[in-house]
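2 protein chains.
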Amino acid sequence: MSLLVVGSVAFDAIETPFGKTDKIIGGAATYISLAASYFRKPVNLVAVVGDDFPAADIRTMQEHGVNTDGLQIKAGEKSFFWSGRYHNDLNSRDTLVTELNVLANFDPVIPDSYQNCDYLMLGNLTPDVQRTVIQRLKRRPKLIVMDTMNFWMDIALDSLKETIKLVDVLTINDEEARQLSGEYSLVKAARKIMGMGPKYLVIKKGEHGALLFHNDQVFYAPALPLEEVFDPTGAGDSFAGGFIGYLARTGDLSFENMKNAVIIGSTMASFCVEAFGPERLLKIDQKAISNRSQAFLNLTACDLTLV
Amino acid sequence: MSLLVVGSVAFDAIETPFGKTDKIIGGAATYISLAASYFRKPVNLVAVVGDDFPAADIRTMQEHGVNTDGLQIKAGEKSFFWSGRYHNDLNSRDTLVTELNVLANFDPVIPDSYQNCDYLMLGNLTPDVQRTVIQRLKRRPKLIVMDTMNFWMDIALDSLKETIKLVDVLTINDEEARQLSGEYSLVKAARKIMGMGPKYLVIKKGEHGALLFHNDQVFYAPALPLEEVFDPTGAGDSFAGGFIGYLARTGDLSFENMKNAVIIGSTMASFCVEAFGPERLLKIDQKAISNRSQAFLNLTACDLTLV
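Heads up: the sequence lines are chains A and B, in that order. Take the working numbering: the last position of the first sequence gets the number 404, and nothing is skipped along the way. Take the working numbering: the last position of the second sequence gets the number 404, and nothing is skipped along the way.
Keep in mind that a hint or two might mislead.
One copy or two, it doesn't matter: identical chains are merged, so the pair holds either way.
Calculated lysine-lysine pairs in the PhoX-like style (CA-CA distance at most 25 Å, straight line) [said to hold, decoys possible]:
id, residue 1, residue 2
1, K302, K285
2, K117, K285
3, K235, K384
4, K138, K302
5, K138, K235
6, K171, K380
7, K239, K138
8, K239, K380
These are computed hints drawn from the structure, not numbers from a lab. Please read these numbers as outputs of a predicted model, since none were measured by experiment.
Next comes chain A alone, as it looks inside the complex (with noise of 0.2 Å):
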């Protein structure tokens, strides 16, 4: 079931509590095809950087089982850049910096090798973007998962429209739940959401876990109480790519797997917190995912018997 991943690979440097980093790799594509990786290869990667971002890096992610064939290299030009200072809880955070270089006019080419695809996911992009991605496919994918946040709604809330209408699952915050639909209960939020489209909504509430909508169903994964969060950054791509990657090895859209899904998300993003920038996720092994998946599940296992 072959995985088409689009988003931004570009340069991050971000401030925690707990240190500082200079330009680092980062991206919510870089992040979403590590991620992914895990459970899915290749992982076909479309994105757009500069011709500073380093070779090495590049050739860390193909050793990870992304394919690079759609990653264009513009020369003479610089990659994205973000930096942020995150607050105390690690909750909230400023952005300091924000360059779009080679993104302010990313024209997403679909190698013909990636044309068939079952999943798609579109990571945070400009919505124009994201939807130019989905026309261009000859067939539609089986599933499409896209990813967004605040700064489209304030900006670009027709085109974010118009882009959410094509997709099957939306993963948000909490907070633009409530924003894209003014609606403050989650369940409310969520009803008018797949009114807008998506058959699936993913709500996530970072340290409080996630939610999955559909229909009238909800299931609820609770993040893993961590002794350590080090750096939030990429936690929802890393989600998003353990969640599209399990979906993709397996096969499976039903409801019941989507939840495995979910906790397999919830998992890789529990990884991603415990080190700065994608660092923990080029290190992760299957068994380590499989303890850590268990932790989750163990972490509602509940025997309560009804009178």
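Chain A is fixed; fit chain B onto it per the hints.
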């Protein structure tokens, strides 16, 4: 297994985005007793009110199985009164009025018929009074559960720590756990707080559910996403009432059964928020409790098989 509940019985006046009440009955012990009464009767109540407290409301509590022999009625004095206004998100509130009245000199008298209690629930009160109750019991209960709040951490930390030393289970919210421990990570916070005495710690996270810690074990009961949350007043107390009521009914203090008690506590809290004050708690039946608890179990049910 006899159950003793100590706490405030009071008047509240509540404003939420959905409406406001005149003075209605409230108080931690009112919510705790009513919630517990669905699992274990009688609920032996120790509290104090003024002679302005309506006899009809005392009768209502009696009809729900609350033994009011330990309810002092102070002639010529007024009952504790609290008034608050919730913000739009219902997660935060401003206190408008606090009139301690009879609570200012509350001297908790334990009727002889309440001695030999097996389960003691200390609702939120001055930690001095909570400790006095423990000292006035001739035999230590099998289980002492204590609720408290940030207010006492601010103004009576030493006394609070003295009382915490004496209890088995402490229930506080996430911000309070961070304040009491000085740790942001809830895992580290829980370890420090359990080092202060309690073998179990329940961290209440409102719309994000509740965590139960014991040694190195942790259980997470998410909150049920609700269509309407009308009034959060008393949710934490209803949780405590369901929690200790279920333990008093089953008499099983294993970690596994504590998990069940957390689900039952969450169930009672989810009813509480559906109407103003304790109104909804007065009108539940066993079938509703059973259905709602099942909804909690379904919320996290997942058949992920790890490879």
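TODO: State the violated hints by number, sorted upward, taking the hints as numbered earlier in the document.
DONE: 3, 4, 6, 8
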